[in-house]
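Engineer: Residue-level listing of the chains:
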Amino acid sequence: MNPTWVIAKREINSYFDSLVAYILLVAFLGFTGFFTWLGVADVFFRKQADLQVFFSIAQWTLLVFIPAITMRQFAEEKRTGTIELLLTKNVSDRQVVLGKFLSCLIMVAIALVFTLPYYFSVAQLGNIDHGATIAGYFGLLLLSASFISIGLFASSISNNQIFTFLLALLLCFFFHLMFDILGSGLTGWLGNLFSILSTSEHFYSISRGVLDTKDIVYFGSVIVLGLALAEFNISKRK
Amino acid sequence: MDIKIDNLTKNYGVQKAVDNISFEVRTGEILGFLGPNGAGKTTTMKIITGYIESDQGDVTIGGQSVKTGATKGYIGYLPEHNPLYHEMPVMDYLAFCAAIQGMGKEAIHPRIKEMIRMCGLNAEKHKKIGELSKGYRQRVGLAQAMIHDPEILILDEPTTGLDPNQIVEIRELIKNIGQEKTVILSTHILPEVEATCDRILIINKGKIVADGTAATLRKQAQGKQVLHLRIEDENVNTIYSKLQELPTVAMVDIIDAANNRFEIQSVQDAVSNREVFKLCVKNNWALTEIIPFETRLEDIFRDLTLN
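Protein chains in written order, with numbering that gives the first Met the number 0: chain A, 0 to 237; chain B, 0 to 306.
In short, the hints are calculated from the structure, not lab data.
Warning: the hint list may mix true and false statements.
As the list claims (entries may be wrong) - Chain B side only, calculated, beta carbon under 7 angstroms to chain A, not exhaustive:
| # | residue |
| --- | --- |
| 1 | G68 |
| 2 | Y76 |
| 3 | I99 |
Ideal placement from N, C-alpha and C gives every residue a C-beta, glycine not left out.
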């Protein structure tokens, strides 16, 4: 079996063994479910057969949910020293980083799979745009992958989990909200730059059902950069 | 598989943790790595396992540099503080270690069973590692190091936390493994080195200060032969003067006049046992005790590492 997959499997088992997975799943589904079906501006209020409400609430829920699952990845291994045993096994630093990335992405994917009933329910209520909905899910996955990558980078910096959680939250917040605000607030090339850097900008464009290469390239770059920095951080060791 | 350490240097800031050391370990050899705290033992071991990189010099395992990362699979490593995933059950943890080392699915289960038997973990195999006592955790640490049957074992203080019976078992285990494999173990327990290791390497302040078997180290440290004697049936002073007349004896001390006990030191490179025996026979004295006085490993260690 590929070592990346062995590591990912261990991480996922550890989430479910420690009940963290259940708490996060319940929190995610409860939160998104409430705002999608029972909140103020819910599906019934909009009177449109789409999942825009869900997508707009899910991105914020994931912004909090993901730092909570990435915070321990490297921080805990560093604190307890298990990272030394892990990295002296027959694996490369990159395989370790990818294994952890994969485990977090699978956790998010499990959470998103549980929201598929929303999709089927709305599809019963009216004429849903299947393309846009599938694109929306795809956008959420790309957005999550970017947040995970940022979170893993944060986790590779310190061995203090509270610090790594807050740093990941702050970075995701900047990417998702601040860059967007700065992008629309500023004019000229600086404004353009912040708009390009904003994850929400690219997410909206995908969730409208438009799959543009520049959005995919953008998310791909954030993911690769975050993971490369995380790999660089764990390769520096004493 | 041979390990070759070539001019290895590692600095932490201005402090030299390892200072230009070179040595080789051959297949079938158990090397005891000794040194006071902070001498550079753990650093050297971490470089061999590929966990940290050296500043200068290189380590090659079977001709391959550890910097390539290709040697990791040959090594079983037990780090100093035995870090384990406390939330995992013993069996699951060993299965994880076996899988990550690239063992095939069918091979894993029988191997785990074997390791559990070898390390005496049968009663604890379903418990979480965090629930185990220190000695059992140490056994899990050893089991994970040996799970993929590595050519090389690097053990950083393998017997800490074990009770005396376990220590004997683990030493036997290491000795058996050491017949075909290459083993480097570090320890503070000097009798342990004598009991398990074929060769001793003492390092101090990042430099090698002694290298050899326990016997050769003793010889180097001691130089002259020392014997403790008890000769009866004669006046102490007469025996004293007669002993002094022997050509091989450099110095005589009376250590216990009431019981006729003496300490003699031979001249350089000479052995006095026969001369003493013949002297006693000639004078019809009873030689009731003759004890070769060995320099203890502790003394050698102190001599070499306390400057």
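Engineer: Compare the structure with each hint and give your call.
Structural biologist: Structure-based check of each hint:
1. G68: Given a least distance of 6 angstroms, the restraint on B/G68 holds.
2. Y76: This interface hint holds because 5 angstroms falls under the 7 angstroms limit.
3. I99: At about 5 angstroms, which falls below the 7 angstroms cut-off, the nearest Cβ of chain A leaves the hint on B/I99 intact, so it holds.
Checked against the numbered hints above, the structure violates none of them.
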